[in-house]
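There are 2 protein chains.
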Amino acid sequence: MSSRTSDRNPCPVSQLMTMLSGPWTMYILWILSTVGPTRFGALRRQVEGISTKMLTERLRMLEQEGIVNRHYEPTVPPQVTYSLTERAGELVAILDQLNGLAQRWYGPAAPDAAPCLPTATPQELTL
Amino acid sequence: MSSRTSDRNPCPVSQLMTMLSGPWTMYILWILSTVGPTRFGALRRQVEGISTKMLTERLRMLEQEGIVNRHYEPTVPPQVTYSLTERAGELVAILDQLNGLAQRWYGPAAPDAAPCLPTATPQELTL
DNA sequence: CCGAATCCGAGAAGATACTG
DNA sequence: CAGTATCTTCTCGGATTCGG
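Top to bottom, those sequences are chains G and H. Quick note on numbering: my numbering labels position 93 of the first sequence as 93, and the sequence is numbered without any gaps. Count along the second sequence from 1, add 127, and you get the number used in my numbering.
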């Protein structure tokens, strides 16, 4: 009954926020930006806790938005590598600032954990 | 069964992203930053489509995170006003940049719609 | 009257097994 | 290895009710 994605085209920010607010979206972008082009399986291992279903779904969405590139290599076994587009650079820059902010608020991260993985799914932060 | 919010304290960015990725969170912050301190009912009308339950829930979370202030005025009828804390300023600055980015990508917003309201719920952007 | 808590249904996200 | 299908689980959201 409520609105679907293309009911109207209300406002740019809203559109962008809606995308980023999608489950796992930020994490995927963050991982791709820190570890560079990554294959599907590796990506799934990096974004700890994500299901294959969610990962494909989000990647498809990000691909449609022009944020990630999907490179299919028909070897045996096949290899699919995902990477950030040029457009994504601006977005990642903002995520970087978010990182800086988080460090100031919660203290710096342990220097070991490579790209800082999530523990809880976005939905679980209800407190 | 899976992880709850306080399982570990993994990484600052992750924590912050998890909070922002929560449903409606960004919209609420955006509205509060653009229209200033707002009462519950008005806020609910601004964040179009949100239920009172979700709004209370999110506001409680944001309050615990030190992002919003809750001011209760025991008049008749009672008035509860929510406003951004000082800490939220840094966060809003980032949202502002997100706004700029969105304008470059999707074109500028119509100058009328005050703070750009969402149409779809965050969960609905599955494409 | 304004704001918060409760119950229940719809629909999304998680887990697992399976296919190309 | 990459992705899909299916089933289960549980969050989200609406209406109603309670409290001040």
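Read the hints as simulated data drawn from the structure, not as lab findings. For each residue, glycine too, the CB sits at the ideal point set by N, CA and C. One or more of the hints may lead you astray.
[What the hints assert, rightly or not] Listed below are several chain G residues computed to face chain H (Cβ distance under 10 Å; list not exhaustive):
no., residue
1, Leu55
2, Thr81
3, Glu90
4, Gln97
5, Pro108
[Said to hold, decoys possible] Some chain G residues well away from chain H (every beta-carbon gap over 12 Å; in silico):
no., residue
6, Gln15
7, Ser21
8, Pro23
9, Thr25
10, Leu29
11, Thr34
12, Phe40
13, Gly41
14, Leu43
15, Arg44
16, Gly66
17, Pro77
18, Arg87
19, Ala93
20, Ala102
21, Arg104
Okay, the hints, checked on the actual structure:
1. For Leu55(G), the interface hint is violated, the least distance from its beta-carbon to any beta-carbon of chain H being 13 Å, above 10 Å.
2. For Thr81(G), the interface hint is violated, the least distance from its beta-carbon to any beta-carbon of chain H being 21 Å, above 10 Å.
3. Hint status for Glu90(G): holds, given a least beta-carbon distance of 5 Å to chain H, under 10 Å.
4. Interface hint at Gln97(G): satisfied, since its Cβ lies 5 Å from the closest Cβ of chain H, which is below the 10 Å cut-off.
5. Look at Pro108(G): its Cβ gets to within about 7 Å of chain H, closer than 10 Å, so that hint holds up.
6. At roughly 6 Å, the least C-beta separation between Gln15(G) and chain H is not larger than 12 Å, which violates its mark as non-interface.
7. Non-interface call for Ser21(G) relative to chain H: violated, since the shortest CB-CB distance, roughly 4 Å, does not exceed 12 Å.
8. For Pro23(G), the condition that its CB be more than 12 Å from all CB atoms of chain H is violated, with the nearest at approximately 7 Å.
9. Interface exclusion of Thr25(G) from chain H breaks down, the closest Cβ pair being 7 Å apart, not more than 12 Å.
10. The beta carbon of Leu29(G) is not kept farther than 12 Å from every beta carbon of chain H, the shortest such distance being approximately 10 Å.
11. Under the 12 Å C-beta cut-off, the non-interface status given to Thr34(G) relative to chain H is violated; the minimum distance is some 10 Å.
12. Under the 12 Å C-beta cut-off, the non-interface status given to Phe40(G) relative to chain H holds; the minimum distance is some 19 Å.
13. With a least CB separation of 21 Å from chain H, Gly41(G) remains clear of the 12 Å interface cut-off, as annotated.
14. Consistency note on Leu43(G): stated as away from chain H, and its beta-carbon is indeed over 12 Å from all of that chain's, at 16 Å minimum.
15. Distance to chain H confirms Arg44(G) as a non-interface residue, since its nearest Cβ pair spans about 16 Å, more than 12 Å.
16. With a least beta-carbon separation of about 9 Å from chain H, Gly66(G) fails to lie farther than 12 Å from that chain, contradicting its non-interface assignment.
17. For Pro77(G), the shortest C-beta to C-beta distance to chain H comes to about 28 Å, beyond the 12 Å cut-off, and the non-interface label holds.
18. Not every C-beta of chain H lies more than 12 Å from that of Arg87(G), the closest at about 7 Å, which undercuts listing it as non-interface.
19. The non-interface label for Ala93(G) is inconsistent with chain H: the shortest C-beta to C-beta separation is roughly 8 Å, within 12 Å.
20. Annotated as non-interface, Ala102(G) brings its C-beta within 12 Å of a C-beta of chain H; the closest such distance is 3 Å.
21. Under the 12 Å C-beta cut-off, the non-interface status given to Arg104(G) relative to chain H is violated; the minimum distance is some 8 Å.
Going down the numbered hints, you'll see the structure goes against 1, 2, 6, 7, 8, 9, 10, 11, 16, 18, 19, 20 and 21, while the others check out.
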